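Participant: What follows is the residue order along each chain.
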Amino acid sequence: MNTVHVLLWVVYPYLAITILIGGLIWRYRYDKFGWTTRSTQLYETALLRWGSPLFHFGVLMVLIGHVVGLLIPKSWTEAVGITEHNYHFMAVFIGTVAGFCTLAGMVILIARRRFTGPVFAATTRNDKAMYVFLAAVIVLGLWNTVRGNITEGGYDYRADLSPWFRSLFYFSPDPELMTSVPIGFQLHVVAAFALFAFWPFTRLVHAFSAPIGYVTRPYVVYRSYGTRPRPSRPGWEGPPTLPTRSSSRSRR
Amino acid sequence: MRVMAQMAMVMNLDKCIGCHTCSVTCKQAWTNRSGVEYVWFNNVETRPGQGYPRTYENQQRWQGGWVRTRSGRLKPRSGGRLKRMFTIFANPKLPSMQDYYEPWTYDYEHLITAPSSDDIPVARPKSLLTGEDMKITWSANWDDSLAGGNEITAGDPVLAKVSEQVRQEYEKTFMFFLPRICEHCLNPSCAASCPSGAIYKRSEDGIVLVDQDRCRGWRMCITGCPYKKVYFNHRTGKAEKCTFCFPRIEIGQPTICSETCVGRLRYLGLLFYDSDRVAEAAATEAEQDLYAAQRSVFLDPHDPAVVSAARAGGIPDDWIEAAQQSPIWDLIMKYEVALPLHPEYRTMPMVWYIPPLSPVVDVLRDTGHDGEAAGNLFGAIDALRIPVDYLAELFTAGDPAPVRAALGRLAAMRAYQRRGNLGETPDEAIPASVGMTSDEMDDMYRLLAVAKYEQRYVIPAAHAEDAHRLEKIATECSLDYEGGPGMGGGGPYGQGPFGESSGTPVPIQVETFDAQRSRQRADSLTTPGDPAQRTNLIDAGGAGDRTGARPPKDPAGGGGDVTSPGVLDINRDQP
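Top to bottom, those sequences are chains A and B. Quick note on the numbering used here: the first sequence kicks off at 1 and runs consecutively. Quick note on the numbering used here: the second sequence kicks off at 1 and runs consecutively.
You may find that some hints are simply not true.
[Unchecked claim] Facing chain B, according to a computed beta carbon distance under 10 Å, are these residues of chain A, among others:
1. PHE33
2. SER52
3. LEU70
4. LYS74
5. PHE120
6. TYR214
7. SER224
Calculated from the structure, these hints are not laboratory results. Quick caveat, the model's predicted, so the values are computed rather than measured. Note that CB positions come from ideal geometry on N, CA and C, so glycine has one too.
Produce the entire structure from the sequences given, and follow the hints as far as they go.
Facilitator: In structure tokens:
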């Protein structure tokens with residue numbers, strides 16, 4: 001275990017997660033107004049109608065795949081009778097389909113962003129940098145799935161990569177586990193944590209405001225202006241009133 | 001019974017001359033910013049016409065408002081909660097920029113900087129979306145006063161509903177103007193469509209607002225609103241809508257559009273309604289019964305039972321008094337001359353309209369009849385199907401009876417008052433023929449024709465004990481918000497770390513005179529470093545200290561000062 005390993009597989013992930021959490025809190029406090037999807041659908045609809053659902057549904061499937069693959073230990077799935085072969089087959093099949101949906105969607109969206117005049121004009125430098133990170137993570141991940149599992153006949157990331165990932169959350173990180181992971185997966189992990197660190201400072205924050213509560217909420221929302229949160233200000237004593245002559249109250 | 005108060009508006013369409021003053025002053029106050037160039041919280045449409053955005057009333061296409069399900073409940077026409085969640089990544093029913101219009105400016109700079117040539121330089125139109133040259137093909141009032149003729153008017157979705165015979169004759173028959181703002185509905189479908197819960201109805205005065213800190217730009221409200229009065233700010237990525245000028249209403253001032261209305265056709269006041277009955281009334285089965293259903297929800301503020309229920313519900317006494325003097329109650333419930341716009345959308349709109357009698361009068365006059373004789377008018381209202389059917393499609397889901405009744409009362413008032421003006425004996429039979437007494441007729445005449453400012457706008461101020469919790473109204477420095485110039489900060493006007501749309505939004509009282517001025521004088525299409533010098537134009541009513549409303553004069557500069565060098569000074573040339 002050398003210093004590089006500790007830096008890469010212990011310090012760097014914790015740093016990225018700290019920036020992600022701290023950044024999200026800071027951004028939410030400072031910039032609720034900027035917390036939005038910044039949709040460009042008003043400018044262009046035809047391409048967005050294909051690209052956006054392809055990308056978003058694809059990426060949601062990819063997310064579920066990562067939750068299953070990284071957070072659920074191998075012993076658990078084997079305990080319920082799923083063999084390594086079956087698991088692997090399902091993971092590769094679903095992962096490849098979801099990955100290609102995501103990639104196709106992203107290609108459509110990026111092309112749309114570049115070649116539709118108003119959409120390109122509304123693209124900030126921050127957006128462009130974000131696309132680089134996002135594309136790197138997605139392309140590396142898909143590359144690993146296709147190359148590592150189909151053409152080269154299988155790499156079991158649940159033997160070393162997943163336990164390492166979980167070890168971060170037990171606060172007993174084990175960088176040793178990452179040394180045997182193929183370089184493609186290592187790059188994917190590094191790129192992903194870079195994206196996580198960048199996340200709070202991009203438009204990607206809208207992922208954290210997925211409106212789950214809408215499903216159970218009553219349709220019409222009422223709010224009283226009396227309950228709006230307002231900072232209290234020192235010195236406020238109500239509207240001006242005439243001083244009473246016989247008053248013995250001390251003047252403030 | 002749960003009494004709630006609603007700030008409502010009635011517009012008397014006979015008086016609208018289509019001058020667009022309301023639209024312009026509203027725009028100056030609220031949407032004179034980049035990102036909302038195409039946004040008109042208030043617009044004035046010519047009817048028949050396609051409206052703004054084009055054909056917004058065609059709900060088959062745009063899917064706004066509510067529908068009644070087979071089980072007798074309501075759900076948004078564009079789909080319930082789950083369907084909305086699944087279409088959140090690309091809203092299938094969102095109007096595009098082309099359904100509004102592409103905003104533009106002109107390249108005025110070129111007029112000054114063009115090199116000497118044989119041709120006169122021109123200022124080309126430049127798109128505000130791309131900065132490129134563009135061709136202007138549509139705008140907010142492209143079809144004003146039936147401009148574009150039959151080709152454009154034929155696209156009117158309301159016209160498509162009236163009968164063939166009516167459609168063939170409408171063009172020679174009539175035209176009127178329809179000013180529109182947000183309806184501040186009792187059952188708002190925009191709020192129901194908002195996945196984030198950012199759109200809310202204020203429980204005190206019923207004003208429907210978008211919480212800019214909570215909006216996440218899912219843009220479902222735009223589809224949800226059948227009147228298409230929620231707009232998307234394409235720079236900030238947030239929804240914006242008419243606010244009923246709540247900072248003005250809270251201090252007892254009328255909305256900007258009402259304040260500046262040249263024809264004085266707008267009325268503002270409170271209405272009490274039973275909020276427990278709204279959902280039931282909005283789900284009334286037959287569309288033509290919705291007008292009556294909505295009226296049945298309103299509560300009589302003179303009824304002691306209502307008054308005590310209102311008190312129990314925490315409505316202050318001066319608000320109850322204001323509700324009793326409300327011109328809105330009189331026009332909707334007492335005189336029954338005001339009608340809701342498109343009740344069939346089931347949103348229970350709260351901006352109502354007095355239908356125009358002028359198309360009927362015009363026909364009479366053009367055919368050589370006396371347009372002010374009661375008999376002629378009554379006969380014409382019954383005989384002229386064209387305006388009546390069209391108005392019925394607008395105001396009563398196609399039922400001509402309430403429109404005829406309202407027009408009948410306006411006609412009776414016209415005939416009755418003329419006899420009075422000409423010194424003839426008042427004919428009691430005229431008010432009686434429309435079910436009114438002569439005193440009621442006089443009162444209605446006074447309200448419609450001579451009512452002063454205080455009678456047209458009966459607005460109780462929000463309560464002093466609440467004043468501090470309201471937006472900072474004149475009680476403290478309006479620049480003292482967190483990070484604002486008054487607090488020593490540069491304020492969020494400038495470029496935040498995530499672009500100009502990030503950071504704490506500017507409190508709306510801190511208005512944008514200087515921002516407007518600097519944009520008008522700027523060389524580029526957008527100003528990156530907007531200086532933090534703004535003043536409050538929303539509350540400005542002519543009174544009070546106006547320091548800061550104008551930029552300080554530059555003593556060294558030329559321009560306005562007549563004695564400065566380069567400007568002709570007559571006295572100096574005198575011997």
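Participant: Give a verdict on every hint.
Facilitator: Status of each hint after checking the structure:
| no. | hint | verdict |
| --- | --- | --- |
| 1 | PHE33 | 5 Å, holds |
| 2 | SER52 | 4 Å, holds |
| 3 | LEU70 | 25 Å, violated |
| 4 | LYS74 | 33 Å, violated |
| 5 | PHE120 | 8 Å, holds |
| 6 | TYR214 | 4 Å, holds |
| 7 | SER224 | 5 Å, holds |
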